[in-house]
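Asks: Single-letter residue listing:
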Amino acid sequence: MRTIFSSSITFSDPDAFTSDLDEYRVVESAEAEDLEERIRGVLAEFTNTDYLLSHIDLAGGGDGHSFAVSMDFVKVEVPVIPSPGIAPAQTYVFTFLAADAIELTKARALAQKRVAALFQSLSSNPSFESLTLFQTLFSGACQGTHFMGALVFTANYSIG
Amino acid sequence: MGRLVGDCFIQYNTLAAVDGENQQTLFIEADDARGLIARLISTLSQIPDLTPPWTITHHDLAGGGHGEKYVMKLELARNQGGVTFPNGAPQPFFSHLYPLGMEASDHPELVVHRQTAQAQLAALFASTPTTITVDTVFAGAALGHRFPWTEVIAEFFG
Chain E
0 MRTIFSSSIT FSDPDAFTSD LDEYRVVESA EAEDLEERIR GVLAEFTNTD
50 YLLSHIDLAG GGDGHSFAVS MDFVKVEVPV IPSPGIAPAQ TYVFTFLAAD
100 AIELTKARAL AQKRVAALFQ SLSSNPSFES LTLFQTLFSG ACQGTHFMGA
150 LVFTANYSIG
Chain Y
0 MGRLVGDCFI QYNTLAAVDG ENQQTLFIEA DDARGLIARL ISTLSQIPDL
50 TPPWTITHHD LAGGGHGEKY VMKLELARNQ GGVTFPNGAP QPFFSHLYPL
100 GMEASDHPEL VVHRQTAQAQ LAALFASTPT TITVDTVFAG AALGHRFPWT
150 EVIAEFFG
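Residue numbers (numbering that gives the first Met the number 0), protein chains in the order written: chain E, 0 to 159; chain Y, 0 to 157.
Okay, chain E solo, but in the shape it has when bound (with noise of 0.2 Å):
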């Protein structure tokens, strides 16, 4: 599993894994808009909360097709630097399904589209920045069907 920002989750009370410090989430899907669908799910879940996504992680595409996104969530009620994660209302993750090389370039060229979408959508907003790609992720694919990838961004604002 990569991490976001470079920096490990240290637990030092056994307590830790059992409390609310820490959640995680998977969801699984076989096509890319479904599973981005289910990921904003749940975004949306933890936006507005204490909650900085941590973790991000693709796998899957084997003989049952489906790809699994797996997510972790580290409660953080005094921020900290450096950061643990990233703000789940801020983050933003692009998918793109094809099955070779050729499909898959186009498939993440349209992706990128997308992500200018959103960087014009977002512009309506003075605060508004910057779009980072923090992390990509690929995974497929088994008995020549398909591989999946995923780009995660998150949208930096000014401050004040």
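Do not take every clue at face value.
Capping the alpha-carbon separation at 25 Å, the derived lysine to any residue pairs in SDA-like fashion look like this [stated by the list, open to error]:
| id | chain 1 | residue 1 | chain 2 | residue 2 |
| --- | --- | --- | --- | --- |
| 1 | E | LYS105 | Y | ASP18 |
| 2 | E | LYS112 | E | SER122 |
| 3 | E | LYS105 | Y | GLN79 |
| 4 | E | LYS105 | E | LEU117 |
| 5 | E | LYS105 | Y | GLY34 |
| 6 | E | LYS105 | Y | ARG38 |
| 7 | E | LYS112 | Y | GLN23 |
| 8 | E | LYS105 | Y | ALA15 |
| 9 | E | LYS74 | E | ASN47 |
| 10 | E | LYS105 | Y | PRO47 |
| 11 | E | LYS105 | Y | ILE46 |
| 12 | E | LYS112 | E | ALA86 |
| 13 | E | LYS105 | Y | LEU25 |
| 14 | E | LYS105 | Y | GLN45 |
| 15 | E | LYS105 | E | GLU36 |
| 16 | E | LYS112 | Y | ARG77 |
| 17 | E | LYS112 | E | PHE127 |
For the record, the hints were derived by calculation from the structure and aren't laboratory data.
Use these hints to put chain Y onto chain E, whose structure you have.
Replies: Positioned in the frame of chain E, the structure of chain Y alone reads:
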């Protein structure tokens, strides 16, 4: 030490940067690790040597189930035209890149191949007074087929 790939962020500061000419994605496909690395070297050699140079920001690998093809994905970006690297600029890679590709079907074989790769790295390190950074990705494998992995290795001077 310079940054290579992995946790290397690309920041788009303008709309033009998002869909501009300073970022690109390469998908490289092959039936085995040797072929994958050969195609990677060939593909990178066709990219023009520009200023500022292209750098690899993300390196992913998938496939290998049922003994089928592997696909490597590389994200490239250039520090120009609204594209920046907020957590450190990656190193240019053109003249100092040593990609390795390996594959194996089981744990003992994986260990042997990994040790071979380590020996290659050690030889590379011994031959030049440089720092070497390695980014490794690993994929595979369904129904007892192959696990491939690739390493993108860069040496840094200074």
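Asks: All hints are to be evaluated individually against the structure, with a verdict given for each.
Replies: Hint check:
1. This hinted pair checks out: E/LYS105 and Y/ASP18 have alpha carbons roughly 14 Å apart, not beyond 25 Å.
2. Restraint check for E/LYS112 and E/SER122: satisfied, since their Cα atoms lie roughly 15 Å apart, inside the 25 Å limit.
3. Only pairs whose Cα atoms come within 25 Å are accepted, and E/LYS105 paired with Y/GLN79 is accepted, the gap being roughly 24 Å.
4. Between E/LYS105 and E/LEU117, the direct Cα distance comes to roughly 19 Å. Compliance with the 25 Å bound is thereby established for this hinted pair.
5. A hinted pair counts as satisfied when its Cα atoms are at most 25 Å apart, and E/LYS105 with Y/GLY34 qualifies at roughly 22 Å.
6. As the CA atoms of E/LYS105 and Y/ARG38 are separated by approximately 19 Å, the hinted pair is consistent with the 25 Å bound.
7. Among the hinted pairs, E/LYS112 with Y/GLN23 is consistent with the structure: their alpha-carbon atoms are about 13 Å apart, no more than 25 Å.
8. For the hint linking E/LYS105 to Y/ALA15, the alpha-carbon distance of about 19 Å falls within 25 Å, and the restraint holds.
9. Taking the CA atoms of E/LYS74 and E/ASN47, the gap is about 12 Å. The hint holds against a cut of 25 Å.
10. With a CA separation close to 21 Å, the supplied pair E/LYS105 and Y/PRO47 stays within the 25 Å bound.
11. Taking the CA atoms of E/LYS105 and Y/ILE46, the gap is about 19 Å. The hint holds against a cut of 25 Å.
12. Simply put, E/LYS112 and E/ALA86 have alpha-carbon atoms about 23 Å apart, close enough for the 25 Å limit, and the pair holds.
13. Between E/LYS105 and Y/LEU25 the alpha-carbon distance is near 11 Å, which keeps this suggested pair within the 25 Å criterion.
14. Taking the CA atoms of E/LYS105 and Y/GLN45, the gap is about 20 Å. The hint holds against a cut of 25 Å.
15. Between E/LYS105 and E/GLU36, the direct Cα distance comes to roughly 21 Å. Compliance with the 25 Å bound is thereby established for this hinted pair.
16. The straight-line distance between the Cα atoms of E/LYS112 and Y/ARG77 is roughly 19 Å, inside the 25 Å bound, and the hint therefore holds.
17. Under the criterion of a C-alpha separation no larger than 25 Å, the hint pairing E/LYS112 with E/PHE127 is consistent with the structure, at around 19 Å.
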